[in-house]
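A.B. asks: Chains A and B, in that order, give the protein sequences. Everything in the first sequence is counted per the numbering used here, starting at 306 for the first residue and increasing by one. Everything in the second sequence is counted per the numbering used here, starting at 24 for the first residue and increasing by one.
Calculated from the structure, these hints are not laboratory results. Treat each hint with caution, since some may be false.
What the hints assert, rightly or not - Taking lysine to aspartate or glutamate and the EDC-like style, the derived pairs with C-alpha atoms no more than 16 Å apart in a straight line are:
#1 K362(A) x E325(A)
#2 K333(A) x D361(A)
#3 K463(A) x E332(A)
#4 K414(A) x D195(B)
#5 K384(A) x D195(B)
#6 K384(A) x E461(A)
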Amino acid sequence: MGMVELEGVTKSYGKNRVLEGISLSAEKNEFLVVLGASGEGKSTILNIISGVVRPDKGRVIIDGEVVDDSGKTYIPPEKRDIGYVFQNYALYPHMTAFDNIAFPLRMRKLPENEVKKRVLEVAEMLRISHVLDHKPSQLSGGQQQRVAVARAIVKEPKLLLMDEPFSNIDPALRASVRWELKVLVKKVGITTIMATHDQEEAMSLADRVALLRKGRFIQYDAPEKIYEHPVNAYVAEFIGGMNVLPLNDRLAGILQEQLGVKVSTGEKLFGFRPEHTAISDARGIPVRVLGGEFRGEKWVYVVDLGLDRPAKIFSQSRIQADTTIRILPRRLYFFGEDESTTRIEEIV
Amino acid sequence: MASVNDLILVVLLLSVIVPLGALVLISFLPPGEYTIPPQHPTLSNYAYVIEKLGFQQNMFNTFVFITLAVIISLVLAIPTSYAIARLPIRYEVWAATVALVILAKSVPPGSLLVPIYDWLWRLKLTNTPLGVALSYQVYTLPYTIWLLTSFFLDLPREIEVAARLDGAGSFDRLRHIILPVSIPGIISVVIMNYLNLWNEYMYSSVMVSSSRLQTAAVVLGQMVTSEYVVEWGIMAAANILSIIPALLFVTFVQKNISKAITGGIKG
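Please put together the full structure from these sequences, using the hints given.
C.D. replies: If you want it as structure tokens, here you go:
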């Protein structure tokens with residue numbers, strides 16, 4: 306049994322069905338990321354786990370205890386022992402950073418010397434000891450986020466929930482803040498569920514990613530598994546930005562002739578990843594280079610395969626625009642009528 | 024060249040300054056003299072108002088009654104407003120509650136005068152500070168609920184959710200989060216109540232018959248309506264005295280008023 310279990314959770318707002326019977330299980334000390342575009346119901350999932358929102362149907366179990374069961378059982382948020390980091394941090398504006406972090410401990414009626422000890426400890430860990438006497442309005446965005454994280458973990462909750470915790474962080478700092486948070490969470494050893502719309506963030510942090518679309522989890526697996534074996538074209542495109550292109554007879558002919566891959570009937574789309582694509586002198590798919598940009602470690606080129614949408618490829622060297630080259634994908638994905646993945650072909 | 028806006032501003036300013044200036048000048052007129060500016064300015068009017076009439080006692084009464092009324096209003100309105108702003112009740116019930124508050128706010132205060140007097144009389148509360156303060160609730164309570172509700176509605180909900188998740192029950196949330204964060208709103212409602220009630224006449228005159236408990240506004244009113252000769256100099260002096268606390272008050276809290284209006288909440 307996992308630390309957190311959702312079983313058949315359904316939620317509608319009016320006529321708008323947000324969650325269609327989702328199930329989810331997070332192991333103890335696992336870092337789980339709920340990934341989905343905005344408006345897909347990520348926050349609703351976190352709110353249902355925290356108890357702020359009640360599901361229409363389904364069960365929520367935290368650490369073996371049923372905290373919500375289709376309206377029968379209901380344990381309110383203040384009794385669920387959950388740490389929560391809000392997107393806008395939701396720090397108490399009238400309290401200093403110290404009092405913000407101390408608040409959950411004081412609500413537990415811990416003796417003041419114990420409160421002080423634990424606040425200082427967690428502040429040390431998050432490197433905010435020097436701003437503990439500041440009010441939130443006097444803190445930088447990054448410091449506010451640390452205070453929010455400190456407040457969430459200081460009571461050593463069973464579960465840490467984070468709703469887009471990096472969206473208000475300066476993009477230049479995001480990667481390092483992300484890294485620090487991951488290290489911290491693993492060090493403290495706490496089951497974490499984070500919601501984000503940023504696939505890169507999800508990939509870099511998660512032990513497992515739950516990909517949410519149209520109220521359902523369409524794939525729930527380790528990031529590298531999702532990257533390698535996307536269940537459908539949407540996942541392939543969303544995770545890692547695969548080129549997903551329509552298959553026509555001309556292209557099917559080229560694939561068979563050049564790469565020796567036979568297209569079966571019923572396969573409507575094919576795809577390949579920019580990073581899996583080499584520029585070849587001999588065999589390969591002929592493409593026209595539309596243009597590109599220099600990214601430092603690589604060039605990113607947009608190429609035209611004669612289809613209604615272009616593809617992206619990476620290159621280590623400059624390629625003249627408006628020339629025709631051949632590209633050789635090392636791995637090809639095929640998708641059927643319903644866009645689900647039919648097969649993956651390695652090109653040797 | 025002065026624009027139309029400037030002209031309007033000047034007219035507005037003059038319409039305030041001219042009567043006020045006249046009042047100041049009149050207050051220095053010795054009895055029997057009716058020339059402005061005064062030929063023989065004197066402070067005797069002020070001396071009379073303070074020494075003979077004991078007007079400072081009436082001003083103090085006003086202050087006490089209002090303070091009491093404001094405290095009662097806050098004690099009742101804070102939980103009420105918080106409930107209106109936050110209780111998860113059906114929309115129809117909520118709308119009906121708000122409609123009642125608006126209704127109470129728009130009832131002409133005079134229409135409640137008789138029932139309230141009757142009620143206070145039965146409770147033996149007429150002629151007491153508490154009675155006057157209770158009668159003032161006609162003005163202060165709907166207004167306070169109204170203002171605090173809109174203030175509570177504007178508070179970011181996340182910090183309350185955060186407090187819940189931090190283990191705070193509803194009373195702890197009100198005490199540790201909502202109230203401290205709402206101080207600008209509470210200050211503004213207190214200020215507005217003081218300013219609104221400082222000149223209150225109707226209830227102050229009806230609920231109190233003993234001259235010891237009369238408010239400043241009632242004494243001023245009686246100076247005009249008394250059957251004796253109207254002593255303009257004395258009346259002006261008393262008026263000036265009664266303006267001073269309000270003036271000082273506004274000057275003192277001006278920063279808070281603007282703070283309350285712009286809302287001092289920042290994440």
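A.B. asks: State the violated hints by number, sorted upward, taking the hints as numbered earlier in the document.
C.D. replies: Of the numbered hints given earlier, the structure breaks just one, which is hint 2.
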